[in-house]
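Take the sequence shown: its position 289, counted from the start at 1, is 818 in my numbering, and no numbers get skipped.
Watch out, some of these pointers could steer you wrong.
Here are the computed lysine-lysine pairs in the DSS-like style, where the Cα-Cα straight-line distance is at most 27 angstroms [what the hints assert, rightly or not]:
no.: 1; residue 1: K743; residue 2: K720
no.: 2; residue 1: K856; residue 2: K876
no.: 3; residue 1: K756; residue 2: K773
no.: 4; residue 1: K913; residue 2: K758
no.: 5; residue 1: K756; residue 2: K743
no.: 6; residue 1: K756; residue 2: K913
no.: 7; residue 1: K758; residue 2: K771
no.: 8; residue 1: K856; residue 2: K913
no.: 9; residue 1: K913; residue 2: K537
no.: 10; residue 1: K773; residue 2: K883
Label pairs and their computed distance ranges (CB to CB) [to be verified]:
no.: 11; residue 1: Y594; residue 2: G848; range: 38 to 44 angstroms
no.: 12; residue 1: G848; residue 2: Q767; range: 37 to 43 angstroms
no.: 13; residue 1: L887; residue 2: L739; range: 43 to 49 angstroms
no.: 14; residue 1: P880; residue 2: K917; range: 53 to 59 angstroms
no.: 15; residue 1: V777; residue 2: D809; range: 46 to 52 angstroms
no.: 16; residue 1: N881; residue 2: N643; range: 31 to 37 angstroms
no.: 17; residue 1: Y599; residue 2: M746; range: 18 to 24 angstroms
no.: 18; residue 1: G534; residue 2: G814; range: 44 to 50 angstroms
no.: 19; residue 1: Y599; residue 2: L887; range: 46 to 52 angstroms
no.: 20; residue 1: A872; residue 2: E772; range: 41 to 47 angstroms
no.: 21; residue 1: K917; residue 2: P835; range: 28 to 34 angstroms
no.: 22; residue 1: R678; residue 2: I812; range: 46 to 52 angstroms
no.: 23; residue 1: N715; residue 2: G848; range: 55 to 61 angstroms
no.: 24; residue 1: Y599; residue 2: P679; range: 23 to 29 angstroms
Honestly, the hints are just simulated from the structure, not real lab data.
We treat Cβ as the ideally placed atom computed from N, Cα and C, and that holds for glycine.
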Amino acid sequence: MAKEGHPKGLYLLFVTEMAERFSYYGMRAVFTLYMVAALFTMESASEIYGYYTGLVYLTPLLGGYIADRYWGNRRSIIVGGMLMAFGQFLMFLSASFVQPAIKEAEGMIDPTVNNQLAIICMMGGLFFLILGNGFFKPNISTMVGSLYRPDDQRKDSAFTIFYMGINVGATLGPLTCGIFEGDYLNPMRFKWAFLCACIAMLASTLIFYLLKNKYLMDYEGNAIGTKPKLQEKTERQQLTRKEKQHIVVIFIIAAFVIFFWAAYEQAGVSLTYFADQQTDRHIFGWEMPTSYFQSFPAIFVVLLAPFMNLVWEVLRRFGHEPSSVMKQAIGLAFLSIGYMLIAFGVKDLGPNVKVSMLWLTGLYFIHTLGELSLSPIGLSLVSKLSPKHLASLMMGIWFMSTAISWQDN
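Whenever a hint applies, use it, and build me the whole structure from the sequences.
Printed below as a string of structure tokens:
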């Protein structure tokens, strides 16, 4: 019988992930704007962003394997957090060294300005962010499931709470870092946004390190996420038939969501450009920073998650709750509707005409309904179906769907 409430370890993971997502989304909100402000053309910046996002979600395969086989979740999270903090610091150095290089009239990069050091620091920062995320991302998600019995009915609710932590961080990150949004005249201003992201990542890692031994216990009071024991490694040679079937299911649902993330992740690139250049961002005389739009999906997740949980609960009581696969299909349908809305909003739009921000806000609102129908359900499913000794690797496979989606863009 499941206990009432949730273990305190869930809220430690909530805060840890919230701070990490603050760092990730705060940096992402200004990343392409920074590159276009002084370093690259819009096309080159989009390409770099695409490779970065794809690799960020590919390295969890490596991090998950190393955690399952050698390090355990705890050590992997700490190493990943420190690597990402260093990566954000290199981004701060990049923006500290950058010089204005864009000619506004031509929209071209001035070849006389040498920003090679800024580019080297930026590429180094991206490398450490990608590598660190590989160790951090799959392991913290895995630990949520490890807090509960395999058949505990609270798991879906736990992942919804955890997912809200992700989106609280994703809300605060762009809002905070967006304050320091620069432009082609003052690209160095972006350095403070990257420094905020660095501080948040350090805070995330420190909180986890200090409190992990006190709160991260399973339902029997045993520490979770520790280094695998030699005996456990020896017992892992063969998978049962049921475990093999579960792994196949995980691969299927991961493949299914590739199409969703391929369109959804445009928020950090093409939709950012759209917000910057084709959207009227004035509110009572105040011009909202472009990067603030990237907080909208996260805000909607926090507001709509309880509503979506209520919808599934009501449908469950009447015996009409959709299957997990059907929920994924619903998520894709909402994604399509969102893009149909924005396509209607820009139809026959003149080159110098800007649309109301309500169109882009509406798109993000509809996309959030799709995200809530798909993403937290997927995390919970992977946790339930994964063999215990491959839990982090299987979570890495789930995140790999986002990496593959970027190869289709």
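Do the hints match the structure? See the list:
1. In summary, the hint linking K743 to K720 is not supported, as the alpha carbons are separated by about 36 angstroms, beyond the 27 angstroms threshold.
2. With a CA separation close to 31 angstroms, the supplied pair K856 and K876 exceeds the 27 angstroms bound.
3. The suggested pairing of K756 with K773 holds, with an alpha-carbon distance near 24 angstroms, which does not exceed 27 angstroms.
4. Between the alpha carbons of K913 and K758 the distance comes to roughly 22 angstroms, so the proposed pair stays at or under 27 angstroms and holds.
5. Distance restraint check for K756 and K743: the Cα-Cα separation of roughly 17 angstroms lies within the 27 angstroms cut-off, and the hinted pair is therefore satisfied.
6. The suggested pairing of K756 with K913 holds, with an alpha-carbon distance near 21 angstroms, which does not exceed 27 angstroms.
7. For the hint linking K758 to K771, the alpha-carbon distance of about 24 angstroms falls within 27 angstroms, and the restraint holds.
8. For the proposed pair K856 and K913, the alpha carbon gap of about 17 angstroms is at most 27 angstroms, so the pair holds.
9. The straight-line distance between the Cα atoms of K913 and K537 is roughly 20 angstroms, inside the 27 angstroms bound, and the hint therefore holds.
10. Distance check on the hinted pair: K773 and K883 sit about 53 angstroms apart at the alpha-carbon level, beyond 27 angstroms; violated.
11. Remark: the range hint 38 to 44 angstroms for Y594 to G848 is upheld by a beta-carbon distance near 41 angstroms.
12. Between G848 and Q767, the C-beta spacing of about 39 angstroms keeps the proposed range 37 to 43 angstroms intact.
13. L887 and L739 have their C-beta atoms about 44 angstroms apart, which keeps the hinted 43 to 49 angstroms range intact.
14. Evaluation of the 53 to 59 angstroms hint for P880 and K917 yields a pass: the beta carbon distance comes to about 57 angstroms.
15. At roughly 49 angstroms, the beta-carbon separation of V777 and D809 lies within the given 46 to 52 angstroms, and the hint holds.
16. Remark: the range hint 31 to 37 angstroms for N881 to N643 is upheld by a beta-carbon distance near 34 angstroms.
17. For Y599 paired with M746, a C-beta distance near 22 angstroms keeps the hint of 18 to 24 angstroms intact.
18. Checking the proposed 44 to 50 angstroms range against G534 and G814 shows it holds: the Cβ atoms sit about 47 angstroms from each other.
19. Separation of Y599 from L887 is about 51 angstroms and conforms to the stated range, judged on CB atoms against 46 to 52 angstroms.
20. Taking the beta carbon of each, A872 and E772 are about 44 angstroms apart, inside 41 to 47 angstroms as hinted.
21. A hinted range of 28 to 34 angstroms for the beta carbons of K917 and P835 is consistent with their spacing of about 31 angstroms.
22. In this structure, R678 and I812 meet the distance hint of 46 to 52 angstroms, their C-beta atoms being roughly 49 angstroms apart.
23. One distance hint, 55 to 61 angstroms for the beta-carbon pair N715 and G848, holds here, with the actual separation near 60 angstroms.
24. About 24 angstroms separates the C-beta atoms of Y599 and P679, a value consistent with the hinted range of 23 to 29 angstroms.
Checked against the numbered hints above, the structure violates hints 1, 2 and 10; every other hint is satisfied.
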